[in-house]
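Number of protein chains: 2
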Amino acid sequence: MAKRLSPFETSEEESIDYNKLIKEFGTQPISTVKNIPKGIKAFDDGYIFSHRDFDKFMKDVKSKKDVAILTGFNASGSIHLGHKLTFDVVVELQKKYNIPVYIPISDDESYIFEKIDNQEVGMKNARLIAAQMVALGFDMKRTKIFIHQEYTDIYNFVIKLSKKVTLSTIKAIYGFNDSTSAGKMFYPVIQAADILLPQLDKFGGKKSVLVPVGIDQDPHVRLSRDLAAKFGLNKPATIHMKYLSSLRGGPKMSKSLPGSAIFLNEDPKKAAKFCMQALTGGRDTVEEQKKKGGEADKCVVYHYLKVFFEDKKESTKRHKNCYGGKLLCGECKKCLAKDVEIYLKDFQSKVKKAEKNIDKYLIK
Amino acid sequence: MAKRLSPFETSEEESIDYNKLIKEFGTQPISTVKNIPKGIKAFDDGYIFSHRDFDKFMKDVKSKKDVAILTGFNASGSIHLGHKLTFDVVVELQKKYNIPVYIPISDDESYIFEKIDNQEVGMKNARLIAAQMVALGFDMKRTKIFIHQEYTDIYNFVIKLSKKVTLSTIKAIYGFNDSTSAGKMFYPVIQAADILLPQLDKFGGKKSVLVPVGIDQDPHVRLSRDLAAKFGLNKPATIHMKYLSSLRGGPKMSKSLPGSAIFLNEDPKKAAKFCMQALTGGRDTVEEQKKKGGEADKCVVYHYLKVFFEDKKESTKRHKNCYGGKLLCGECKKCLAKDVEIYLKDFQSKVKKAEKNIDKYLIK
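Going down the list, the protein sequences come from chains C and L.
286 is the number that the numbering used here gives to position 286 of the first sequence; each next residue is one higher, with no gaps.
185 is the number that the numbering used here gives to position 185 of the second sequence; each next residue is one higher, with no gaps.
Isolated chain C, as found in the complex (with noise of 0.2 Å):
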């Protein structure tokens, strides 16, 4: 397989050496997990590549243990599609198992990382991923959204977890140094708070914990396994996720790189606009391709059709079709374009709902 465009590939440049950052963060290849559960996309089709302690969660999930799963995010703004293939993981493994979900919305780092020019702005942003949330499809039920700035009682558990960190540990792992900002320094243990929160007493006490992140994340679950042995709460297990292209090729999906990500609250005609520029693995010549066969390994619409769009069926029959020169790029573009518009239409109106009564579903 073409590595290049590759959606799971970190620059048109360089590939993505997963073996390479397993070694780096000091984690495990997800083929050590034995107990892998069926029938959820990502991992049936390779898109969780590392873990901790994994193993042990599916364990415990399913000897029906007290288990949880926590997915946040930062209110810089609206989620994209490359966020989605995170939570989709999040809400298929809590549909399968009937796990309750914690979604902590960290308008602190937003701000204090300069995301954001103000905390007003993290405060509306937090309400719209709030939403959006509802929209991906959570049972409502089981999870628990809670916005920083609203359900400041977070800040009880960091004062608590504060006292047992250095500032050369948070030096050490975050690479900080003294003309680092106070907020910044002390992000660290808000975050570790965040993950160790579902285990506090006030919402059932010690219990196994799921955390899926990029690996660069990663820093934040080892921070929060430290101080939750030194706290008696369980050390929470982690999945990783590739990397998914933008929709021109490399990594950076940016609001300052116009139709490089779609965003879940774009104008839809626009996302499907975005869809019809993006880049594939066609040949130059629409002879060339049909001589030849186009390059699906290489092309990002094949990709995004498969991880968002097509079952397993439909997308080898592309594959297939593409590689036999059946397929023109313009008509796989097409189908990407007419699918996202469509989704992003129905994903709208429910994100619309959802903002209507969005309180009911805010831990304050």
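You may find that some hints are simply not true.
Identical copies carry no separate label here, and so any pair may be met within one copy or between two of them.
To be verified - Listed below are the simulated BS3-like cross-link pairs for lysine-lysine, each with C-alpha atoms no more than 27 Å apart in a straight line:
no. : residue 1 : residue 2
1   : Lys164    : Lys124
2   : Lys115    : Lys230
3   : Lys202    : Lys360
4   : Lys115    : Lys202
5   : Lys184    : Lys171
6   : Lys252    : Lys269
7   : Lys338    : Lys163
The set of hints was computed from the structure by calculation and includes no laboratory data.
Fit chain L to the given chain C structure using the hints.
Just chain L, lined up with the frame of chain C:
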């Protein structure tokens, strides 16, 4: 005036050099203030020695500008007579000029700095202290008390301030290093949030704020003044109280030294007993005392009576009779014991009453 046993000395062995403290902390002697309020005991009797911008604050008071006083307390336990001295100044200033008062109770500080074992004790102590504040005579129509563990909204302001303080600034002010816990390192920002809180929009916006403290707490005021400038708020003013000696002489008032301090939740009879054991300025024998007279200036009992229970006339008379050999130490001790016992009985009944409906006085 002899210094060794004066109620405002820091130790039995050494005198406090208040001029040296003023130089060390870079503050101004209170003598530089021309508009000192009259009829307030601590000012009239010289218990305040230093300040920052107090002249400016008094100018704002006199010209009916928007002003407030902030006087906090950590939740390590009941207040004692030494603390009462500072609170009394605030009560008197509030009464004289109708000034709004803010009282943050920082249970997080007590916990982070290991003055208490857990947050539950912090909450219990904080509620006692809140009731003691009511009993001290604050005008509760103009007084807002808040406990950090309950008024966690304070942390949203802390987060805001934390962006504009670097680790190196905090290290320089407080002498912390990399083995310091994240909690201790972060605490100064929480303290600054307390001090600047009255200037938030929700409390009526920018105003002139006075923060009476012991000069050892001045670093907090300095950091707050720096942050005020960065956030377009007014720099808080401060006055520094002299130190009240322990009943046994020396500076240390602590539960671990029974009889060193009169905690305001002490059994009144036991407190009276402590008074009978207090250090005086008496001679070795009754004969010598009658002949040479006692040394009121060196006597803790004389000073406690003067500071807390007697007016100028009574105190002057006691001073004269002591030096004239007309008073024996036992008589003075009995007076103090009686006054303390009566005061504590009355105070504690007020506290009990306040505790019953303390929630109505707390911002949450």
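Verification of the hints:
1. Lys164 to Lys124: between (33 Å within a copy, 23 Å between copies)
2. Lys115 to Lys230: between (32 Å within a copy, 20 Å between copies)
3. Lys202 to Lys360: both (19 Å within a copy, 25 Å between copies)
4. Lys115 to Lys202: between (32 Å within a copy, 25 Å between copies)
5. Lys184 to Lys171: both (11 Å within a copy, 15 Å between copies)
6. Lys252 to Lys269: Within one copy, since 22 Å is at most 27 Å while 74 Å is not.
7. Lys338 to Lys163: neither (53 Å within a copy, 44 Å between copies)
Taken one by one, the earlier hints fail for this structure only at number 7.
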